[in-house]
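Trainee: Listed below are the residues making up each chain.
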Amino acid sequence: KAGVTQTPRYLIKTRGQQVTLSCSPISGHRSVSWYQQTPGQGLQFLFEYFSETQRNKGNFPGRFSGRQFSNSRSEMNVSTLELGDSALYLCASSSRLGALGEQFFGPGTRLTVL
Amino acid sequence: AQTVTQSQPEMSVQEAETVTLSCTYDTSESDYYLFWYKQPPSRQMILVIRQEAYKQQNATENRFSVNFQKAAKSFSLKISDSQLGDAAMYFCAYRSASSDYKLSFGAGTTVTVRA
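Respectively, the protein sequence lines represent chains A and B.
Numbering follows the numbering used here, with no gaps: position 29 of the first sequence is 29.
Numbering follows the numbering used here, with no gaps: position 7 of the second sequence is 121.
Only chain A is shown next, with the shape it has when bound in the complex:
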């Protein structure tokens, strides 16, 4: 079974631009979560989608948004990029919603904002 895939792996943008990151979960997994990883703030939860509905959201500004499609693929969008948005963005998929659902992580997308 293929693992979680994220595209692109690396991205360079300038301040003010917007960016869209993509995550394809493991086949059959319906839950997708997104995390931001920075040296200063560590790993922080962004949001979780299950069956195309956002089920949970972290403490991030409205510039961060996401969606999930009927095939469970998910996209995350960041508008009006700021320097502080430079981070590794990790996606994780799970077969079920809830605490028992083991999360499988993708390799991440490294976003650099100049």
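One or more of the hints may lead you astray.
Subject to a maximum C-alpha distance of 30 Å in a straight line, what follows is the list of computed DSSO-like cross-link-like pairs (lysine-lysine) [said to hold, decoys possible]:
1) K187(B) x K57(A)
2) K184(B) x K169(B)
3) K169(B) x K192(B)
4) K57(A) x K13(A)
5) K169(B) x K57(A)
6) K184(B) x K57(A)
7) K187(B) x K169(B)
Derived by calculation from the structure, the hints in this document are not laboratory data.
Every value quoted in this text rests on a predicted model; they were computed, and no experiment measured them.
Given chain A's structure and the hints, the job is docking chain B onto it.
Mentor: Quick look at chain B alone, frame taken from chain A:
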């Protein structure tokens, strides 16, 4: 909000020796799950071990074991017979069993293994 604290930014261990990583957490809930994740330099995060709070028995996965002290809100990871492939950043994480299911991570501990 749950807080997860890893007080050891870095740990070094000799190959074949044992190292213990500490983790404490703060919660008012009684039902939750605790995890240790490993993130090697390749950046792919993988689950090492999981502990359900309602289980008194400490979880074990091959050379990895935990010491779960619920009253003390402590969840340490012991790596026995350390191998070069164990070198990575290790994250302790908390997940509620009854409210939102997001993972709350600690700051991480970098483990280096000396040959």
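Trainee: Compare the distance between the alpha carbons of K187(B) and K169(B) with 30 Å, and conclude whether the hinted pair is satisfied.
Mentor: 14 Å, holds
Trainee: Tell me if the straight-line CA distance from K184(B) to K169(B) falls inside 30 Å.
Mentor: Holds, because 10 Å separates the two Cα atoms, which is no more than 30 Å.
Trainee: Is it true that the CA of K169(B) sits at most 30 Å from the CA of K57(A)?
Mentor: At roughly 29 Å apart (the allowed maximum being 30 Å), K57(A) and K169(B) satisfy the hint.
Trainee: Sort out whether K57(A) lies within 30 Å of K187(B), counting only the CA atoms.
Mentor: 25 Å, holds
Trainee: CA of K184(B) to CA of K57(A), is that 30 Å or under?
Mentor: OK: K184(B) and K57(A) at ~27 Å, within 30 Å.
Trainee: For the pair supplied as a hint, K57(A) and K13(A), confirm whether the alpha-carbon distance does not exceed 30 Å.
Mentor: 25 Å, holds
Trainee: Would the pair K169(B) and K192(B) pass a check requiring their Cα atoms to be no farther apart than 30 Å?
Mentor: Status holds; Cα separation ~18 Å.
The structure agrees with every numbered hint stated previously.
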